[in-house]
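Using the sequences and the hints, build the whole thing.
So the protein sequences, as listed, match chains A, B and C. Just so it is clear: in the first sequence, position 248 is 248 by my numbering, and no numbers are missing. Just so it is clear: in the second sequence, position 247 is 247 by my numbering, and no numbers are missing. Just so it is clear: in the third sequence, position 258 is 258 by my numbering, and no numbers are missing.
Capping the alpha-carbon separation at 16 Å, the derived lysine to aspartate or glutamate pairs in EDC-like fashion look like this: (1) B:K7 to B:D263; (2) C:K181 to A:E19; (3) B:K161 to A:E72; (4) C:K123 to C:E113; (5) B:K159 to B:D102; (6) C:K214 to A:E227; (7) C:K214 to A:E187.
Examples of chain A residues toward chain C, derived with CB under 7 Å: (8) E19; (9) D157; (10) A158; (11) S159; (12) A162; (13) H184; (14) E187; (15) V188; (16) C191; (17) L225; (18) A228.
Note that these hints are calculated values from the structure, not bench results. Computed from a predicted model, the values in this text were never measured in an experiment. The C-beta atom is built at its ideal place from N, Cα and C for all residues, glycine as well.
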Amino acid sequence: MDGVGFTVKPGETLGLVGESGSGKSTVARTMLGLIPPSSGRVFFQGQEVLTANGRMKKEFCGKMQIIFQHPESALNPRMKIYESLLEPMLIHRQNSSREEMKIKSRELLQQIGLSEEHLTRYPHELSGGQIQRVVLARVLSLSPQFLVADEPTSMLDASVQAQVLRILKRIQLENGIGLLFISHDIEVVSCMSDRIAVMYKGQIVESAPAEELCQNPLHPYSRLLVEAFSSLEKSSVKQVWVEDEKIDTASRCHYYSHCPHAGPACRQRPVLRETGAEHYTACWLL
Amino acid sequence: MSVFKNKLTLIGMIIILLLLCAAIFAPVLTPHNPNTQCLSQALKGPCSDYPCGTDEFGRCIFSRIIYGARVSLAIGIAVTAVSAAIGVVLGMAAGYYGRAVDEIIMRIVDIFLAFPGLILALVVAGLLGPGIGNVMLALALVGWMGYARVVRGTVLAEKEKEYIETARSLGANDLYIMFRHLLPNVIAPVIIMASVGIGYAILAAAGLSFLGLGAQPPTAVWGSMLSDGKTYLQTAPHLTIFPGLAILVTVLAFNFLGDGLRDLLDPRLKDKAWNRG
Amino acid sequence: MALLSIRNLTTIFNCEEGQLKACSNVSLDINPGQTLGIIGETGCGKSVLGMSVLRLLPANAVINGQIMYKNQDLLTLPDKEMCKVRGSEIGFLPQSPSTSLNPVLSIGEQLTEGLQLHRGMIKEKARIIALDILRSLGLKDSARTSAEYPHQLSGGMKQRVLAAISISGQPSLLIADEPTKGLDAVNRIQVVDLLRQLSRKTRASLLLITHDLKVAAALCDEIAVMYSGEIVEKGPAEQVLNNPLHPYTQGLVASLPERGLYPIPGHSPGLLDDSPGCRFYSRCPIGNEKCKCQPIINREVDGVHVRCLYIDQSGGAQQRIYGRGFQSEAG
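Spelled out as structure tokens, the structure:
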């Protein structure tokens, strides 16, 4: 990950797309202080997150939440669902009495469309979609203002994915949560997001409003991603992908070896610059 | 339930329960006082009055074995509990914090493992002087490394899982994560190891008392009974056979239990394997 | 004449909880050179179907019915004969490229193994053929690749190697189990392209098991939709995907992002559940009491077989059945 910067406004969704290994998850984990960055800063409501400690840190932890990719390891396998649901409140000592927490957990379950019988089950007795919904409910219990969803549905079937995404979107809009939605599926991202940032090998190569990016992708890599879905049905893919990671030299454009248009200018790493209304692209050739 | 499907586990459990009862109700169950000497009855074979015969001082062997169960079980359980506790705490710290902490703890483990266990215990017990308490301490000190290694390995795998990361992102502190999240997930192999470990500790304690380092006479201990009986191995073999059998059966029972627990303790094993399609 | 024809295949697992019916009364045909896609959600029994054909199921599985391959019933074949069929007649492309290769054998060794075994070649000849196959699958430096070990290859290359292994026995039928699961967009195109290459080069039939409707649309001639162990709809790919008749297929299509992310409510019944009626009843937006108790028979509409009492041929029914648009509900 190298020189990544972006902002998410309250109630806005920023989609982050990229292939596996492009550093999307690293971004997510770094923002929440789960991985220390080599350099750089993260601001939440004007305050710095990564250097905070003690009570400030805990407060940030309550307001910034994350959902991960794998439903099978998202919950402690030895804790019943209600224990997992109540955990954030216990850690943050929000509701003091046991009764209040019980009521709250029932409310949360209702919001995500699960019934009370699920409360006493173990995670392995629930399906992937149900678990991701429990995770959503858990996140909600602290009323966060910022949420990172790291490929929340990539392990789920299409119909279940639709279910979870709808709940996520509804919850986000109802509570005015700023959302960073990370996925490799540009179609899903375009359904969920207001803005989309495309990431390639740890660098943001393009960022634009969702519709603009899907209709008018400028960076060659974004173009490939957008076309990837329609080109499935054509007889063959036009792009040749060479597996030559080893020649990748430090200073040139990350996309150099795969780019069909690469020229001499690309030996120097491009930076994001404005290429349209609210449209930023890191490419020399525009 | 699958516990009863496995006959050996069931047998193991029954034997252990019987032993516990014997230890608790020893005064009621025994026909004679274990320490009363009756030289006229010395070295008698098993008969209706003495079910397992008498030793060289005319003490009832059956009664001594029953009373010996108290000491043996106490040693087994206490030693295992202490070594498991040491192992779990150190193993968890090593696995969770990693880096320097891991390095230091695992090197200590290596140092302890470099000595043959029983010899090390012998040295420790020798230094501390004879006595049940010292034997227990010695055995606990040489028995914790296995637990630490197993716990460390499981923690290493488990701490990468997303629920741990979620807990960290919620602002939970390290102690909370270790004891609320990691401990329940690493405890299964520890319990399995412990149930076998109890048997081993009993055996080791018997060995140490055989060498004269355990409980002091006249306290009835299986190991020292064996040791005392060896002089009469040819003329009165029942002096060694019965305490030997007691040790054998007890150790086996704990081993059976450990094997059964292995299958039972994982809730995920009960999953329908073909749910995934 | 069908290459593989499955008749009334029922696969049951005897478990502690009872009998788990992973496939019930499945009948399918694959013609030579054709690609048949089995689509369905996780746990619907589609992988079990593939494994039933290969007879690679755990011991507690009971397979009933008929699997006719080139006029012999695979289910009655002795084990020894079946071993010959696997690999030389029917190739298998496993799901995860990262774990399906033996890490301690070089690519060349793993590839020639099959050639020596199934085609009785001597080592030297097998090596030449192996290099040929690798080259034909787009691994240009095939000599270097065959000397390498799995950990030295990227995911895409491993998938190619696995494909090479699966076709090394010159099978007439290839079974691919979820070849695109968990892959990102770009890798997915590569795999689709690879499969397309395979079926063009070998002219083998392909049984493609997937939950990805788009991959199925790109590759398949025919599609069978599986739900909770049953085939609920089968027919020409275009027809099934563009004008689905069964409410479940309609729901699947409607849940795609570009069709508006309409979820199917509820979740599928366990495979243990053995009620007589329609398995989709509990989630079906148009079902009624009749569907619940009466066994549903297959009906044929314009070459499409559908297991449903109420076939809606008007098209565009999905919009009516599955709720409002994504953004509208969200707003």
